[in-house]
Each structure stands twice: as structure tokens, then as C-alpha cells.
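Enquirer: The lines below spell out each chain.
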Amino acid sequence: MRYVGGGAVAGTVLLAGCAGSEDGGDDTGGSSDTGSTGGSGGSSSLSEIEIILSSTGADTVDPHQSAGIPASSVTTNSYEGLLTRDPTGEVVPALATDWYRVEPGQYRFELREGVQWHEGGELTAEDVQYSIRRIIDDDVDITSDRQGHVIGIEDVEIVDDYTVDLVSDGLNTAIVTSAASYLGIMVLNKEWVESNDLETVSTEMNGTGPYRLVEFVEEEYAVFEPFEEYWGEPPAFEQVTYTGITESSTRVNQLLAGEVQLIETLPPADVSRVADHADLSVTSRPSSRVIHGVMDVTVEPWDSKEFRQAMNYAVNNEEYIENVMQGFGTVSSQPALPEMFGYNPDLDPYPYDPERAADLVDESGHAGVEIELSFGVGRMLLDTEFVTAVAGYIDDLPNVTCTVNELDLSTFGTLWSTNHDPDQMDFFAVGYGHPSYDASQTFQAIVLSERVGRFGKVESDARDDIQNLVDQAARTEDRDDREALLQDAAVIAQEEAVWLFLHQQESVYGIDDAFDWTPRNDELMTTAGSRPAE
Amino acid sequence: MSNEPAPVPQDSPGRTAPDRGPSAPLLRVDGLQKHYVDDQGLADWLLSNDPGRVRAVDDVSFDLYRGETLGIVGESGCGKSTLARTILGLHEPTAGRVEFTGTDVHEQVATDRKRFARRAQIVFQDPSSCLDPRMTLREIVREPLDIHQVGAKSHRNETVADLVERVGLSTDHLERYASEFSGGQRQRIGIARALALDPELIVLDEPTSALDVSVQAQILTLLADLQAEFDLTYLFISHDLSVVRYLCDRVVVMYLGRVAELGPVDRVFEDPSHPYTRILLESTPGRGARAGDRKAATTDIPSPRNPPSGCRFHTRCPVVVPPETYGAAFERDAWPGILEYSRQVRAGRFDADALATLADRHGVDPEDEVALERAIRDRCSIPQPLTDEIAEDLLGASLAALVSGDTETALAMLEADFASPCAATAPPFVEVGSEHRAACLRACEQDGER
Amino acid sequence: MKDELVFLGRRLAQGVVVVWGVVTTVFLFRVISPTNPAQLMAPDDATPELIQQIEQDLGLTEPVLNQYVYYLSGVLQGDLGFSYMTNTPVLRRIMFALPGTLELAAAALVFAVLASIPLGILSAMYRGSRIDSTSNLVSLGGVSTPNFWLAIMMVLLVSVQLGVLPTSGRPIGLVDALTLLVFQADPNGLTSWVAHMILPTIALGTYFMALLFRLTRNGVLEELGKEYVLAARGKGLPESLLMYRYVLRNSLTPVVTVTGLQLGGLIGGSVVVESVFAWPGLGTLFIRSLNVSDWPMMQGILILVGAGYVLTNITVDFVNAKLNPQVELA
Amino acid sequence: MISDRTRTSLEREIRSNTVATIGVALLLSMLLMAVFAPVLAPHDPTDQDSSRNHQPPLFFGGEESETTRMIDGEIRTVTESNAGTLAHPLGTDSNGRDVLSRTIYGARTSIIVAFSAMAVSLVVGTTVGMVSGYYAGRTDSVLMRFVDIVLAFPALLITLAMIGILGNITVTVPDPLVASGLVSDRPTHAVIPVTITLAISSVVWVWIARVARGEAIAAKNEEYVMAARTMGMSNLGIIRKHVLPNSITPILVLATIQVASIIIIESSLSFLGFSGTTLSWGYDIAAGRDYLATSWWLSTVPGLFIVVTVVGINLLGDLLRDALDPGIQRGGL
Amino acid sequence: MTESIISVRDLTTRFFTDAGQVNAVSGVSFDLYGGEVLAVVGESGSGKSVTGRSLMDLIEPPGAIVDGELWFHSPELAADLTDHPDAVDGDFVDVRAVSPAVRRSLCGTEFGMIFQDPGAAFNPSLTVGEQIAEAVECNARLARGETYGLSNLLRDVLSPASSFVSPESFERAVDLLERVDIPDPAARADEYPHQFSGGMLQRAMIAQALAADPTVLIADEPTTGLDVTIQAGIIELLDELRIDTGASILLITHNLGVVADIADRTAVMYAGEFVEVGPTDRVFDHPANPYTEGLLGSLPTFDDPNAPITPIPGNVPNLLAHEMPPGCSFAPRCPAATDECTATDPELEPVATDSSHRVACIHADIAADAGSSSLADSTLRPIDTPAPERGDVAYE
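Sequence order for the protein chains is A, B, C, D and E. All letters in the first sequence, in the order written, are residues 1 to 534 by this note's numbering. All letters in the second sequence, in the order written, are residues 1001 to 1450 by this note's numbering. All letters in the third sequence, in the order written, are residues 2001 to 2330 by this note's numbering. All letters in the fourth sequence, in the order written, are residues 3001 to 3333 by this note's numbering. All letters in the fifth sequence, in the order written, are residues 4001 to 4396 by this note's numbering.
Just so you know, the hints here were simulated from the structure itself, not pulled from any lab data. Note that the structure is a prediction, hence the values are computed from the model and not measured. Virtual Cβ for every residue (Gly too), placed ideally from N, Cα, C. Careful, some of the hints might be misleading.
Said to hold, decoys possible - Reference listing, derived: stretches of chain D covered by chain A, where coverage requires no fewer than 3 residues with Cβ under 8 angstroms from a Cβ of chain A:
#	segment
1	3049-3061
2	3069-3075
As the list claims (entries may be wrong) - Listing some non-contacts, in silico: residues in chain C with all C-beta distances to chain A over 12 angstroms:
#	residue
3	Phe2029
4	Thr2134
5	Leu2174
6	Leu2285
Isolated chain A, as found in the complex (with noise of 0.2 angstroms):
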């Protein structure tokens, strides 16, 4: 049995999240686009494009053993899933063509036929269901990364070459998810993997997708090229670079140089910079990550209901996305996102109220508290300017003392998700994305969870009471009974204060007008469907 690094925790976790299980989601996220497009007159024959991801570069090509956007960004062109997203997020068809429930706890899925593997060959059920198996079974392979978002697939069965059937032990509803997801199922050729040893299989690829891996250095760049006989349209790129850079200035004056295409994340202060450009625009869309101060309830002060309200009321997010983050950020009221399934708009954020805030910390009898916000450095927007900002806030109540703990993402990874030690850490800012759109699922991994959230840790009413509320919506068929109920545990988490609400960021690209790419719901920067700009 192998064992694989599974990227540092602070790497899987802090780069996406872990996606949700659950088909659907609304998209509504608009994206909005500026600057100036006096710039058309560029290159129209742009056919060497170079992507810059704001993480470091994919640390693998096995997708089985990541479970990261950065890196799906690099091996979703060349590995592919049987089904995908459009960027709104709606499920389109990829390997299979057809899919549907034979019965309750099998799914079938009608592979494509022809499909040429990058090394010749062609697809066949046999490689879906090792590709499947060396996800969900610890005995194929390697113990996968992937496990938690292939949930409830016991095993796969091969109905011919060209079908393939997903067993359950129930009404799995995330089957599609799970096919659809790009950290869902994806595909490998079992013969080449089992020919291969770990290292290959880790730094070379061998997909069916429209490109295929030139050249890799892990966690720096990879290059691709066009594969010919891709079965879906033809890739419009000679060649296709991705690389990671974690230093956001040096993306955007590489942007600024011309010598990349597409960046992610810009931030604020370069924004104009980029407008300004001639040739260059800078385009966004709300991001699917929440970020939020967790507490840990385990411990005082955070047990108190009170002082987590406090905290809440404390904090002028108004004041500090306007001015901080230069408006790149919305206040958010709850756990769930606007373009979130169950998501409730009739809540509003918690006012910023100092007076009433310190009145709530002499209510919970923690007055003159001294506490600590950590965080881990480089994961989110302007991270360090709003986390020093919300410390600020809370330490301007006179009966509060509060400081910044800046930690680096390895400390960070290893206090959050492995170490729940409270004297460590027990309140910290975070950002958690779930491309699956469905606030259940944010309810269920965050708020709940014992391991990414804190306030699950402990037993309380309001605990049993949100979990009933979703645990009911899983089980309701109605999509709007569904959505009342999730919007009715929103208020209780908002009234309960799981969470120091803080907002909701924005994604934003640099993008050279040559190219034409529109940013997704889901942050996955691929290749698919961009193309040179008319």
C-alpha cells in the first residue's frame, strides 16, 4: 500500500475547501467587468497562453491525490471527469454522455465512446471503475484525498464497456455532485497506472482531456499542449502555461508586462493598475468562500453566547471592506452565501454597535478578556489588512483587549484541522469555499463539523436544533420546504453567533484582453471553452 502526501492540510483545506456533495446551486453571482476595452486591436492570433494561479503551482498531476483548486485548475485539462460545470456552475456532459438512477443506490452513467487516451488507446468502463475505486477504496493504489467528496459510492459496477453502473447504499443525491465535481471523479487509464510507478503517475499525465502535459516541475509550472484527437472541441491554444505565484504584486506586473494572460486574485490597490492598461481588464465574481472567525466554544470566552454576539456587533465590516479592502467584499449575515441554495435573505448582518457589544461582554462576565485572533497568512483577500482591522475593532471595546496572531499556513493548517488544541489557537479567521452551492453543506462542514468548525465541539440546542433542520431538509424532496428550512437554521446561527460573520469576498482576475475567459462561480481557472478574443 502507498501512501500519499496529501498536500499540506493548509494547502487542500485553505486553497478550496472541501466541495460539497450535492448537485444544484443557484448561480447568481454576477460578474462584472471594467476597464478599459480600448485595447481590442491587440493580438488576435494570441496562441501561447500563460495562466498565473495566486497559490503556488499543482504540487501533483494525480488528481486522486489532490483535492485542491490550484491544482484541478492545472489537471482538469488534461484529465476529465464523466460529467463537469459550465462556469455557471450547470452540469454539462463530459466522458459520459448520458447518466441517470436505474434504481435507488445505482447510478448509470453511458460513456462516450472513442474517447483516445493522450497515449493512445481508448476509454473503457475498466478505467472508470479503477479510477472510482482508487478513490473510495484504500486497497487501490493509494489512500485518495478525494475520499470526502465522493461520498456514499460503495462501488462500481461494469455493465459493458461503455456503461458503467454507481452503487449506493441509499438515494445517493450527490452522485452527480460527485461526477460532476472537479474534485469529484476523474478519470486515469488503469493500465498506465498500474504500469507506472508513484512518481510517474505524480508528475506526468496520461488524460483524454483537450491538453496534454509537456513538461511539470511540481509546485512551479506546467505546460501543455494541444492534444488533436480530443473528442470535444478542438483546443484553441498552442500551448498552455500554468504557474503559481503567491506574491501578488509580482502576478500583476507580470501581467502588466505582457507576459501573462490571466491572473488570479489581483488585489485592490492594483486594480486600477491593470483597468488602466491599455490591453488589460480586470474582471470578478463573487467568490465562493465564506470568511469568518471561528471560536471555539469548548473553551471561555467563546462558550458565552453573549460574547460571541459581542464580537459581532463589535466589528464595523461596512467600515473595513469600504476602506480596507476598497469595497472588494460584501458583509455577510449568515453562514451561507447570497448565490447559496438556502440561503436567507430577509436576515441582515449584525449592525456594528460597540456600546451594545461592550454591554454584552459585561453581560457574559468576561470583561477585561484578553484574546487572540490568528490567522493563516496569504489564504485570503487582503488577509492581513482586514484580520488587523477586525482585531482593531474588537480591541477598541474598552472591556476587551485583542490581538493579532499571524501565523504561517503550515502552523495554521496543522492548529486548525489536526491539532484542535484550544489553548493554541481558539479564534481565528478563515475562508471556506464550497462550489457545491448548497448551504446544507456549508451548515453540515462548517458550522457542524467538528473538524473544520468549532462550534460543533459541544453539545448545546442550538447545535441539535440547526442539525435537525438539516438533517430534515436532506430529507425533503421539495425544493422550497428544502430552502425554508435551511433559511430557518440560518437565523438560528445567526442568532446563536456560530461564527464572527465577517464577508464575503471577491474574486478578482487580470485579464489581457487578447483572451477571452469568463471567470466561475466554482474558481476554477481552466481553459475550457476560453479562446483567443475575437
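Fit chains B, C, D and E to the supplied structure of chain A, relying on the hints for placement.
Expert: Frame of chain A; chains B, C, D and E shown alone:
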């Protein structure tokens, strides 16, 4: 390093002059050796970069009697400073022993340096280095008193003042730093410090060699006065024969780590038995001596790291003993020429170019080997032919080899056929007069004749 | 010849001891570091059993001495282990990052040497002149300015304000650029390489330039005061020849030594400079590995740099001994 | 400790060298700044007000300039004018904190780290150097090979590795000036970054040890040490009374010069994000990088303070070296 | 032997140090005759070495020759320099007054310098042979009137085939090494200075000084630091060379024994001034200056071990201008000093019994016509007279 046993007669109590009082020597040095640290283990080889550098001392023995001044003279590399420091227990000897009033110094030093320190002290050569520049005069002279807790603390300053005045310094300067004194004054301080513990023996390691003559005289007179006043025994190390003659009762002449000659100053300097002592005396400037046969001795000293075999002086010696194989007249007639010849061959004076020049100068055809040989003999003043036939044959062979261009063979033949016993045997130490001994084969001969 | 071999053998043997010490130190770093690699390598929601299993498979449950023996024998066979993060061989990543750092360090060294030595000589020859005082001021600034700040200021001025040079990245390596030039007659690669090199080179090289300037100037001044220079003047040697044969040659010996030995310093300095210029080299790799506690990677880099330093040291010693008749090969 | 002659030569050096005097003055003002930071800083360095953020330094700004903001989900270009004010003579950062006050407090971090790292290094380095140089032989060989091993790594790399081992240790101590009630509204505690102090010391002691060893060897061969031995002084006594006092001047000169290196290393570490405190020059330079195009002063000001401090130390070091010890070599990073 | 080669007048060299002005040489005047050995003897800090270096024009900042004339006997040069009337007096040329280039060529050819520390006077990174050959080559080029420009330098530096030193010069260098009795000269010429012992290197130094066939050899403490046997060899060599080449030797030393062995005349220097000049046997046998007397009395006499030594009290003054005693600088240490001594600084005057013997002491028995022989109005009338032929004189 040669280790053939050499008979080393002891300076036994029975031989001491009656005026020396108690018969037991204050200090006895017996077969003392101190070598370079060459034998490193693998670990040392890997870990360290350079071996220690110590001038070697080889098989040195002498006695030092109470109240006398024994001089040790020699040129650089003769090991006289190493000897002094080994005697004081600052270096561990490789072999041999040093006894101070009958007890082994190195055992004593290893167990209780302090006790030995109160009895033997040293005055160093370098006035710029012998005093800690960060200490005042008072602190420097007081230091030994403090270490040994001599007297009550309050009394120590008085002792210091006495000492300082005794060596001719002003007590007004007690709070001055060492660096504020001149070279001569610093030597006075060094002497005061050595005197502080009221020792019996003071080793004077070239105490005046860095001083100007006018100041040197001050120190010398001071030393003489102190010796009389405090009944001191001096071991006086110097390279200056005049100074040794002025101050010392007896003298040890050292050459490349070994004792060449030992005896009362007057006898050694007026009637030297070792050719090295003779050369040394002749070289002393201001005596109106002119170059005689000492020329070979005045160019270079061999490295003490790699001393010559046999008698260490034989490479510079003007009176090297000839091989015994040849007739009686050989030494007088042929030997100087052959010595000169072999020196010149060794120095490369007869390589091809030189031979051409030689031929040119003598107006002979460079191809004419016989004429060339003659020219060489002329140049080295070798008689033609040698009276000893065997010697003549052997020399002729060497010359022939040389003229034919084979310098190496020529030299090898010379070394085999005309090897001096001086190069092979380290001469024993023999009596050449009353309390006067020397290590020279010539001295042995005389000894034997007597 | 024998002397040389003995000298070289001894220095190499000593170098091996130091490198062994380097490897051991680096091994100990990992052992005493608080990181549990199994936790890093395991998936997020790994069970304690799984983590234990991984620990066992990594050999972490073995006695430290055994681990040490495995590590040492691995290093001896050129196996620096696997990265905790990507599970790929450490050497693979280092080999990718190495050219960037070497090119940068070499360029900085060349820049430092070319700029400092002539200036140092001029400064010493015209001591007290305007050129001397200006150079001294520049060198004072050079040794006093942190390279990362200099880098940022250059980016601010040259790139942001003037917009002339690229500010970051290493789009093409020297070898590729030259290949392009030679085989495809395409100078763009080289142009781009040069353009991207300029700012990092200056940022990294300035401190060493200032250092070498001071060394050169002091060396020449010291040499000018030597008695043999006086003596040579006394025998009527032409001034130009005197400057070359007596002053320059001798005063440059320490400069050459320091230049060789500063390679370590250059690599250390490149850690920060690389980070400013998003330069894919050992420095960025090290920082990134440090951020995620990827000890095998850090160990690999440290061993490589340490061994490189030792080797450079020996080479400099040897070359120095060959060039300088005073140094005995013993 | 300093003899009269040393003092006079120092005085003469100071008199004859105006440039150096300026340097010393600069350094002294930095030291004063660090010590009296709570008094001298016009504002609490952590006090923020995002409504006044990105204010330029005094005499800068004022003209209309365009910035981008997102308003109602749209990226818009707005025209703003933001002029420097006397209240914030060196401007404000992205959270509206006073740059001057932060920089003054940053001096504290640098100087605390520099001095404590140097103190640790001096104690360890001098001890090792003295023992190694005085006892020589195998002790020396082993210690010096260990020194070689440390020196084989670039200083910054080994410092970073040490940080990886030590984690982030800080000690918070009450600020005496604030505790005494002299000033209020300033941070009540100062953070001492123990990790980087130790990490830096782990390299610097080696530099000190090498010089100390050389000095010990030189002093050991002086005749006054021999004299002390013949007087029966113990080895430790000799080291304490003779070797150390006579070696300490060049060691201190080197230490002074190396404080400059430490400050540069410290700021490099903070720049890379390993400071342990957010009140440090390197940290602010790094934070300002993202605003280079719009708020140039954020990175520029703290950097200038580093340069001024290091120039001051270097000038002082040159001065000391010229006055006390012409032969000393400068160690590199 | 009777012709003056060099006439030094009022030579004054000072050093301007941080500690103050150092009057290293204060108004020294003397003549050096053809083929003689003039010893300048003094204790450390007496200014004797600076005197030698001043003659060679080797004073570097912060030092400077502030005053004085150095007349050199050179009829050829005097004829060439007719346009510099100030610098010419008969056959003599004032080296201090000619252009630096002329001065340098003069120093390189007519004056040879033997330094005290040959280890420091040889470039450690060039072979001994090369360095001596350079001196030969410089002289040869000067004789040929060649100049050495930048193009020559570039060619010599860049082309391995080109070299400043010609093979002939190198051969001559080997000959010179042989001349100074260095064994195996051809091999030793290819060795570096550190491979030579001190005595050998001093011989090589002498060989280098001989390269230009100098008229004057300035030997600055040539035997200091050498062992007595080696010292004796060097002194012999110098004596031999004087006889062979006819060069005059200015021997600077602190060793009275060496002086007695070789010097024809002796000048005693104290605190930057000549206090006594005269034939060696006169000076040694009948010292006229108390300092000279004290110096001789300080030495233990080898052949009379019972003779007492009488040290001079006190220390040699340092030469800092503001710390110099007033009047006669020896007065504070002088057993015969009177108040008058601290008031006037005595000039060198001939002693009554011997006009070749001059002394600076008001208590000395000065010749009656002294005072009129002041230098002010004299041009180049020799102020010294050569020593009579001397036999072997021992000074005891």
C-alpha cells in the same frame, strides 16, 4: 632524528669546583629532549590543520649550581628558548628529566605548579609582549603575590613598592599601564615581577636582546646587582657572546638542539674546543677578526626541522675529520680541496654551463675532459695527483663522471668514498679541560691523545 | 606533484568530515523539529491508525540511530529522500531550482567583481579624491542596505515609475536562451534572460560589490605601503608595471579568496532576493518548504549548499596555494 | 576596561572623522528612539482607523488621483484626494496606522533582537573561542570543525532552519515606560521575538568564536601569559585575567560591526514573515510591497530607517576598528 | 678615495602623524667619499634609517623631506642640466632640486639600497631572480633611453611570450647571485623569497642593489636580525664589494662592533642629529661627545670581561617635536650636562686635535676657528675629510 647512543658524562657533584658551596646542583638537566609534534593520529590529521611549532632540543644535559650564572648561547634555531621553557615546565619534554633540588620538575608542575613557581621564575625577551598591556605596574608586580597569597593583602602593596624601587623604577608610576613604559623600564618591571616570589632560580630568556645598547647596560648592571643582593641563580640565555661573557660564570654553547660545548666562560671563550664555538667567536663583530676559513660557515644555517646527520655542525664545519682510510698526509694535502670540491658539486657549481664557463676561463677546450678535470682541481685547490693512490683513483672517477655531465654520479661517488666520520657519527661529549667539555670528534682525538 | 596530491587528499578528507557533519546536523534538524511528517502526509481526516501506519512506513518508529544510518546511506547514494508535500524525490525539485540560483549567484558575483575591483583600484590610487569619496559612500550604502529593500526600491523606481525592466520571474534559463540563440538564431530568449536578470543581479550583488570594493581598496592601499613596493620604485621599475606586478597581483589574492568564499553568502542572500523577484530558485524553494515544514526538502537544500560550500572552499584553497608561492602545500 | 591610550586614540579618531561622528549620532538617535519609543511615537502604532488609511507623508499627495473601488458589485474608478497631514508626518498604512509610530516601534524590535542575539553570541562565542584557542589541541580541532560545519551553511539558511525547529516563541514583557504611567495609550507590552534571536545567535556565535579563538591564540603566545603560567596561575585564571581582557577589544569591535549584519538578517527574516511580531521594519516593508504602486512610503520609510541604522553601525565599526584595531577582518553574511 | 661623492647639507625630514610632528632628521650635513664606508650609528629612534631613506627619496606620506640639499657628484648629469643653474654646482647636481623623473633614474642607478628586512623588501609572489633581473632590466632600458608605456604593459601582461625581463637580464641576475656567494645560483634564482633563509635573502638583496652598478650603496641595518655567523658573512661581503666595485657604502646600523669592523668613518646619531663624525678609530678611541662615550661604555667588552660597563641613564627620547628637550637633546641624560646645554643646541664643529673629527657638544674641545665654518655661506666646500688609511682597528 638520529638516536644513536652518545656517551653523555654527567656533570657530577664530584667534579664541581669547591667554591660552589653545597655539592648538589640546584638544577639538573638530564638527557632532555623536546621534539616536534609530528606523530599525529588519523583523527588529528582529519581535524586539525597544522602541527605545533617548537624548536627541537635533543639530548641536553647540564647542571646548574646555586649562586652561579650559566649562559646558554647559540644562534636562532638552536633550541635555547625551548630549553628554557621546558626547564620551567612550560613544555612537556619528549624524553629526559629536569630536576630542581632533586625533584622532577615536570612531576612537580603537574601536581603543584605553585610550589615550583615560588622557586623558579623567568624574565622574557620581548618587552612589548612580556607585560599585560591592560594592567598597571602595581597590578603586574602584585599579581604573583596575589596568586600565592604572599603576606597580608595590605602588606602586598608595600612589597610591590619595595620591589619597584629596587629595580630602579619610581613608585610614582605604580598606576601607569605597561604600555606607557619604555622597553628598558618594561624589562625592569618584568624583573620585579620575577623577583616578587623571591625565587632561587631566574631564567633570563634573552632579556636584553631587544634593547638599545645604552639600556642593555642598565639592565645588565641591575641583574648583576640583584644577583649579589638576593643570592640568585641565573640561567641566562643569549645570542650575544659579549653579554654572556660579561654576566656568566659558565656557558653552554648550543647548536641545532644539541650542546656543542660546555664550560667556564673564560676557558670556553679563550680556548674553544668546538669549531662552532670558534666560528661564533670569530664572527662576533668588533673584534677585528677577518675572514679566515670560516667562509663556509657564514652563509647559511640548516633548518632545525631537518638537522644534518652525525655531528650537526659538519655541514658548516671548516675542520671536518677526513675519512680514516687514506694516508696520514691526506688530511693536510688533499682533504680541504676535496671538501671544497664536494661542496661545489653539491651546490651545483659544475653543471654544464658552469663547466663551459670554467673551460673558457682556463682557456681549455670544453671537450677536452682531462684539461677540464685539471681546471676543476685547480679551482678547488686539489693537488695533482693526490699522494694517496686509492684516493686519487676514486677522486678521478668522480671527476670523470662530473666532466661527462653526470653530476649525480659524481656526487654519489664522493659521498661514498670520501665520507667524513663527522657525517656519520654524533660525536660524544668529552672532557677537554677542567669542567670543560665539548662534543667534537677532534676533541675526542685530543682526548685520546692525552 | 606529490605535495599537491597530499594537500588535496588531506583537504578533501577534511572536507568529507565537514560534509559528514553537515549531513548529521541536517539530520538532527529533522529529528528535533516538532513536525510530524506523518500528519503532514496524511489526508486531512486521517484516522490516528492511518497516521501511525504512515509513521511506521516512513521508518519514524525506528530508533533514531537506525533512521540516521538509513538517511546517511541514502545521501551517500545520492538519494535525498522524498518531499513530504509532493511525495516526489527532493533531488528532482532541487535540480529544477538549482540553475536559477546558480545563474543569479554567478551573475551577482560577476557584477560585484567587475564593478568593485576597478573602482577599488582607482579609489586607492587616488586616495582622498572625489572618485574615492564617492565610491566610499556608495560602498557604505552598499554594505548597509538590505538587499530585499534595495530590490523593492529598484522595482519601485525602474519598473513601476519608469516601466523599463521586468520586475520578476525567470521565464527562461540561460541554457535554453543560448540554445535558442545558437540553434534557432532567436535572440529573444537571451534578451529576455538578460532583462530579467538585471534587477535581481544588482539587488543581490550590491552588498558583495561594496564588500569587494573595500577589500580591493584596502588591499591596494596596504600593498602600496609595502617595503618591496618602495624597493621596486627604488630600482626604477616603470610605475605601470609596478602597479600591475607588485600592487595589483598581491592585493587581489585576498579579494579572490573572499570572492570564492562569498558564494555561500550569495546563496544565503538569494533567499530573500529570490522571494522579491519570484525567482524560482533554491531560496524560494527553501522558504516554501519551511512554510510547510517540508524537512526533507530543506535538508536536501542545506546538504547541497553545504557540500557546495565545502567544495568551493577546498578549490579556493588549492587554487590559492597554486597561485601564491608563499602558501605551502602541506 | 579601556585604557587611557585607547581612549585618547578614540577621541582623536572621533574628532578627526566627522563622517563617522555623524554615523555615531545617527546610531545614537536610533537607540534613543528604540528606548523611548512610547514617548517619541506620536501615536499608538497599533491604533487603526481605516477611514484615514493610505495617507501620504507630510508635503506629499494632495492632488486628485484615481483609485479603484468596488461599489455595489461594480468596479469603479473614483477620484480622491489625500494629502499628508502633520498628525501623520510619514503617512498611514492600509489600516490607517501611523507609519512614523510603527517605524519608531520597529526600531525597538530590531535593536532588542540585535542586542540580545549579540549578547548570547558574545557569551557563547567568546567562551568557545577562548577555550578552543587557549587549550588548543584536540579540543580546538573538534570545536573548530564544528564551527566549520556551521559556517558551511549560509547564515540566512541556517537561521531559517532554526526557526523551523524552534517554532514561534515570543516573550511579552511590560513596557516600563507605559507601566510607570509616563505615557498612556501605547501598547502596554513589548514583544521580544525569542525565536529569531536564538536563530540568529546560532550563527553569530560562530563568527565571534573564530575571532575570539584567534585572539586567544595570539594572547596565549604572549610572554605575559607564559609569565602567568610560571607564576603558577591556573588556566582558567589566566583566561579570565589575561587572555580575555586582552582579546575583548577586537571581539567587541567585531561584535559592533556584526550588529549591522544582525539587523539586516533580522529585517530579512521579518520581511520573509518570520518576525514573531508585527512591529518590525522588515514586516512593514513586506506589507507595503502590495501597495508599491499607490502608497510608496509604506515600504520606503522603514527601509530608510534600516539603512540609517546600519550605516550608523558601520561607521561606528569603522571608527572603532581604525582607532583600536587596524587589523581586524570584516565577516560576511 | 679623496673625492666626495655625495654632499648632504641640512637634510631635514619630518613625519606629520596624528600624535604630532616627528622630527626624524633635523639638519644633518655630511660628505660621503668615493670608496669609503661611512657608518651611521645610533640607537633605535635616532633617525638613522630615515636619513638613509631620505637619500633614496623613499619617504612616503605622512613623512616628507622638508629641507636640505643632496649634492651628487655626476659631471655628465651636471652638463645635461645647464638649464637648471640652481641644481648644479660644478660637477655636482642637487638631487633634491631636479625633476622627479631625473631623481628617480638617479636613485635607481647611482644609489643602491639594501633594506633592513629583506623579507619585506622582496615581493613574495615573484621569484628572486625575476626581481633582481627587473632591476637589471630597468637599468639597461634606462641606459638605452627606452620608455615603458601602457602598450608595453599590455603586451607584457597579456602575451605569455612577452616579458619585461629579457633573458639577458635574467642571466645577469644569476651572475649577480653568484657574485654574492649564493650557492647554486641558477636554481635559486627561480625560487621565491620565502624559500630563502634570512642571510641568503640579504645576499640576494645586495645582488639586487648591485644590479645597476651603483656608485653608492645605502645599507640600512643590513645585518639586524641575522645570526652572528651570518652577519659576519654579510659584512665581509660588503667589504669585498666595496673593494671590488669601488662603491661607497653608507652603513646604517646600531651595532658598534660591525661599525668597528668595517667603517672608515663613523657618524653617531642621536635624536635626529649627528652628534659626532670622524674616522672610526678616532671616534672609538677618543670619543668627543659624551653620548658616544656613554654608548661605548655601555657595551660589555668581549676581550676584557672584567671591565665594568657604565650605562647611560634614562631613555632615548622619542622624536615628537613637542616632547624634545630644549637645547642639546642629550642633555637630560648627559653626566656632563650644565645649564648651558639646555640653552643652546650645539652644532657639529671640528675638534681641536683633528679637523676630520667633528663633534656637537659645547663641552668638547672645539677647534679655535670653529664658528666661521658655518654652512650658510659655503657652497660645496667639503665639511668632512676622508679617513686616513686604517689598519685593523678594534675598539676595545
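Enquirer: Now tell me, hint by hint, if it's right for this structure.
Expert: Status of each hint after checking the structure:
1. 3049-3061: holds (count 3)
2. 3069-3075: holds (count 6)
3. Phe2029: At roughly 16 angstroms from the nearest Cβ of chain A, C/Phe2029 sits farther out than 12 angstroms, so the non-interface label holds.
4. Thr2134: Nearest chain A Cβ is 32 angstroms from C/Thr2134, so the label holds.
5. Leu2174: Nearest chain A Cβ is 17 angstroms from C/Leu2174, so the label holds.
6. Leu2285: violated (8 angstroms)
Violated hint: 6 only; the structure is consistent with all others.
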